[in-house]
Amino acid sequence: DARVTQTPRHKVTEMGQEVTMRCQPILGHNTVFWYRQTMMQGLELLAYFRNRAPLDDSGMPKDRFSAEMPDATLATLKIQPSEPRDSAVYFCASGTYRGGSGNTEAFFGQGTRLTVV
Amino acid sequence: GQQVMQIPQYQHVQEGEDFTTYCNSSTTLSNIQWYKQRPGGHPVFLIQLVKSGEVKKQKRLTFQFGEAKKNSSLHITATQTTDVGTYFCAGNHNYGQNFVFGPGTRLSVLP
Chain A
1 DARVTQTPRH
11 KVTEMGQEVT
21 MRCQPILGHN
31 TVFWYRQTMM
41 QGLELLAYFR
51 NRAPLDDSGM
61 PKDRFSAEMP
71 DATLATLKIQ
81 PSEPRDSAVY
91 FCASGTYRGG
101 SGNTEAFFGQ
111 GTRLTVV
Chain B
1001 GQQVMQIPQY
1011 QHVQEGEDFT
1021 TYCNSSTTLS
1031 NIQWYKQRPG
1041 GHPVFLIQLV
1051 KSGEVKKQKR
1061 LTFQFGEAKK
1071 NSSLHITATQ
1081 TTDVGTYFCA
1091 GNHNYGQNFV
1101 FGPGTRLSVL
1111 P
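If you read the sequences in order, they're chains A and B. For the first sequence, position 3 (counting from the first letter as 1) is numbered 3 according to my numbering, and the numbering increases by one without interruption. For the second sequence, position 27 (counting from the first letter as 1) is numbered 1027 according to my numbering, and the numbering increases by one without interruption.
Treat the hints as calculated values from the structure; they're not laboratory data. Some clues are possibly wrong.
Claimed, not checked - Pair ranges (Cβ atoms, derived):
#1 A:T20 <-> B:V1055: 41 to 51 angstroms
#2 A:R85 <-> B:S1052: 34 to 44 angstroms
#3 A:R3 <-> B:P1008: 41 to 51 angstroms
#4 B:P1111 <-> A:L74: 36 to 46 angstroms
#5 B:R1060 <-> A:E44: 23 to 33 angstroms
What the hints assert, rightly or not - Covered stretches of chain B (in silico footprint by chain A; criterion: 3 or more residues with CB under 8 angstroms from a CB of chain A, positions within the stretch not fixed):
#6 1038-1045
#7 1071-1080
Just so you know, these numbers come straight off a predicted model, no measurement behind them. Beta carbons are placed, not taken as given, at the ideal position from N, Cα and C, and that holds for glycine.
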């Protein structure tokens, strides 16, 4: 049963520390999304990749956040330095873009619950 | 910018009552998707609508895409406690771009 895998599931860290979240998309999917979910802001798109190339990271605070796809099986989201306001659930999702048909459904991972104290 | 709104924000119903959530876009959509997120869970895809005026059904759930492709609705008939969760619509404004999620409607079902 194919699924998107995210690690870690939970992370508690001190303000100022670096946080790295990892995502293994479903094999064969060509699009990977990073979302952040908070009670106040709902689901915010941080960045997304197609065929490993970043297409849009305008939702991401550039000074402290970075997203990469070193290979087709791994996407990373890094926060350095972390701040309490970064506390949220971070979801990775993958899907397939099929040209004129647009995007198929997004399959979400179980998320990383980040708490910055 | 492109925005997707949903109403209501919250809905409390008695088990057996019907429920409807509405999704509205500021611009015409190429297609729209609906997701359900159970408390403590992750969003799970329900359906995608592509054609103007399209109506699709999944058991007690009925999804509709407006004629102008700027709004959509999800209707649940005779809610059950298993329907509890947050329902999100996600609009695709141009083929190939990412989906813009609405803020969601949180449904509570009282037994």
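Here is what the structure says about each hint:
Distance hint for T20 of chain A and V1055 of chain B: a CB-CB separation of about 45 angstroms, consistent with the stated range 41 to 51 angstroms. A C-beta distance of roughly 41 angstroms is found between R85 of chain A and S1052 of chain B, which places it inside the suggested range of 34 to 44 angstroms. For the pair R3 of chain A and P1008 of chain B, the beta carbons lie near 32 angstroms from each other, so the given range of 41 to 51 angstroms is not met. Range check, P1111 of chain B to L74 of chain A: about 44 angstroms between beta-carbon atoms, so the 36 to 46 angstroms window is met.
Between R1060 of chain B and E44 of chain A the CB atoms are about 31 angstroms apart, so this pair conforms to the stated range of 23 to 33 angstroms. Restraint check on the stretch 1038-1045 of chain B versus chain A: 5 residues with Cβ-Cβ distances below 8 angstroms, three needed, restraint holds. For the stretch 1071-1080 of chain B, the stated coverage by chain A is violated: 0 residues have a C-beta nearer than 8 angstroms to a C-beta of that chain, whereas at least 3 were required.
Hint violations for this structure: numbers 3, 7, all remaining hints satisfied.
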